[in-house]
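Student: The residues making up each chain are set out below.
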Amino acid sequence: MEEPVVTTLGSWEADDVTVAQVEAALSDLRHHEQRAAVRTSVLTLVAVVKTDAEADAARAIIDELGGRHPSRALVIVAVDDEPDAPNGTDAAVWVRAIEREGRAVCFEQLLLRVRGKARHHLDSIVEPFALPDVPMVVWLPAGLPSPGDPLMQAANRVVVDSRAVAEAGGDVLTRSLSLARRLPVADLSWMRLEQWRSMLAGLFEGALNRPFLQAVDRVEVCGNHGPRYLLGGWLLRRLELPASRVELRPAEHVSVDVHAVSGGRRGRFRVARDGAEREIRSCVDIEGGPQLEQTVRMRQQWPSLALASALTRVGHDEIYEEALAGARELRQAEGGR
Amino acid sequence: MSDNPLAEATVERVAPPAVLVVFGASGDLTSRKLMPAVENLALRRLLPPGFSVVGVARTEMDDTSFCEHMQAAVQKAGGGGEEAKHVWDSFAGGGFRYVAGDYADPETFKKLKDVLDELDEQRGTAQNRLIYLATPPDTFPVVVQGLARCGLNKPANDDAFVRIVIEKPFGRDARSAEKLDAIVHEAFEEPQVYRIDHYLGKETVQNVLALRFANAIFEPIWNRRYVNHVQITVAEQLGVGHRGGFYESAGALRDIVQNHVLQVLALTLMEPPSTFDPNGIRDEKVKALRAVDILSPEEVAQNVVRAQYRAGWVQGTEVHSYRDEEGVDPHSQTETYVAMRLKVDNWRWAGVPFYVRTGKYLPKRVTEVAMEFNRVPHLPFAMSQAEGLDPDALVLRIQPDEGITLRFGAKVPGQAFRVRSVSMDFFYGAAFLEETPEAYERLLLDALLGDPTLFIRADEVAQAWRIVQPVLDGFEEGDLPLARYEAGTWGPPEADHLLDRDGRRWRKP
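As given, the protein sequences belong to chains P and Y, one line each in that order. With the first sequence counted from 1, adding 203 to any position gets you my numbering. With the second sequence counted from 1, adding 327 to any position gets you my numbering.
Any given hint could be a false lead.
[Said to hold, decoys possible] Capping the alpha-carbon separation at 30 Å, the derived lysine-lysine pairs in DSSO-like fashion look like this: (1) K320/P / K253/P; (2) K320/P / K835/Y; (3) K835/Y / K253/P.
Just so you know, the hints here were simulated from the structure itself, not pulled from any lab data.
Chain P on its own, in the form it takes in the complex (with noise of 0.2 Å):
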């Protein structure tokens, strides 16, 4: 298959525009190109950043979701200055088409500075650009929104990076469980985790090694402060369990173990990425029983890929709400003890 070919029909830039002269210009930069007439779209999406080289970091991904996503995309750099700096906003749009094989599909862009007191009303900048009858997501690529943020009630569906959030310190499981509760929230953490539970989940398939599973005695989950929550508050709330038997660990690189008794007979099942290569290791050690191991390449981790599965769905993800309140109840154990 050839690699797509991102080509700019047309761009226009300005500073200190209103947004009626930012949807003019769209509009004059689609009427005069005839291969923008026929415009394929699934969502608005709408990245919220800080800085510009956040921005530029946010536009580079979604160059790269390319004709998987067709959208249009809004980047807002909030710029984060006095208190009482006059509102403004500057402006930049492209209109893109990727092709690929004879086929275009075409796309918008929009890069919007904003300074002063709009920049906490951002939902007045962002609806004029909503695209019609399709969900307005909004990407928070580091970080939460705060209480009452009304760009929130614009939006159908919220993307963050627990990740990166949690870097900047802070409760990010809580304030994302309370987010959930209002509003879809894909968050990329745990998109990123997703091979590690199929892994998991794969290593319990077939009549053999299904029984473990109802007699899990204990649970252990190594990585980082994120990854480490979500997989344990995900395996407490699937498998039942009391947040005694789940054991978390700091370490470097992601690994699970579940130990379980089934038929008299011990087991343990392990996914772990063990070292620097990027190879999970999956094994399944059964008493008496099979011993097995198989090795395999980690997907790549890009970041447009993440957002891009994120991006394919709309309604509340249930299985991740009910890690976060696992996740919840662990740290709520570990306090307690």
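Based on these hints, arrange chain Y on the given structure of chain P.
Tutor: Here is chain Y on its own, set in the frame of chain P:
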């Protein structure tokens, strides 16, 4: 007059020699809309060489200053430039005349008659007149009567024409509209009267007709069997600005619903006309409006929501409450938002609700007709596989980004079988790469050419008031509480309840 064999098969017809007489020549409409339209028509070579303009207003001015004033106004409105210079040079040579005077003074009309006679002689305008009332509505009767007294209402011979263009609003209510019509008809025959609603001059409003009646795939599903409900939205992102004084006496129902919304509704509802001639289309529009059910006072309370904006944020700017606007009563009960649920009693639409809404300071400027179709009778997927699937919808977008959008379900690429809605969007402007004429340009040319298709006939106005009057009565009798909404939102919660009750919700256009 016989047809011009050379004009046949030309794409655009040039207007016949004529004088455009504008009452209210010093007003906003003249400088912002009419004169830019005249300049554009001249630039597109659609005006004949002797075409002339006579402005009439109270303000004292001579011909030269009127011409200069208009040229400056057109430049301010985005026109002018090097290309337009020769247009204004040719107008400056006697093609722009001005008559200052009071509309109630017969002398004003005598002076106007003299100027028109001079123009016929000097510029060959052949006694053809297009009279444009760009004045406040309360002056319409006095101007019409003044014209009649001087004989300026009748064509001088069989080959000449006198037409009068009347701006909306056509009355303040059913009774005043009827009275105005009677006054107009005392002086002018109905075929001479061109009631203008500039919405009808918009290319995309006309495209509703093209989409419906030039395609075999849409019309078969354009009925109650397939359509679940229709939503018509005319949303404005601006507040009342400096028009607070005017708006206090109008409100959203009179300002937008009685004309723009009902015109769009009529084009959506109407049956296919047998011919595309003026009466073919207008007859069908009248029939369609006649089928709209009249709300009883109890039904008004249940099916209409009126509201007024509070302070809020619109497009990144903090805005005042309506009651704090210039020229507005601090306790004003005037509505800046109306939502209605209408019922249509005919074979095609029985049982299909039409939800219409309009408002100021909504999140974006958009006019659209959205038809939401019935869901499939059985969905062979698990709930989790189709969680992002909404019913199919066809949306006719009238402004901005004029075009059509089709929403339908598609499989999400990947191994899992998940279905979600996608939106396929067709943008007229980009498909044809033609500059579309502004609404006033198009309508002015049609009026000069004698094509009333896109103008509103007396019986259409009467039908529109028939629908609106009971609602207006409900407002005026205080039967309907005034809700409030935050500027920058899609209206009050009461409007959401109007659809919630039917298990539906408003679109975010």
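Student: Please write out, lowest number first, the hints stated earlier that are contradicted by the structure.
Tutor: none
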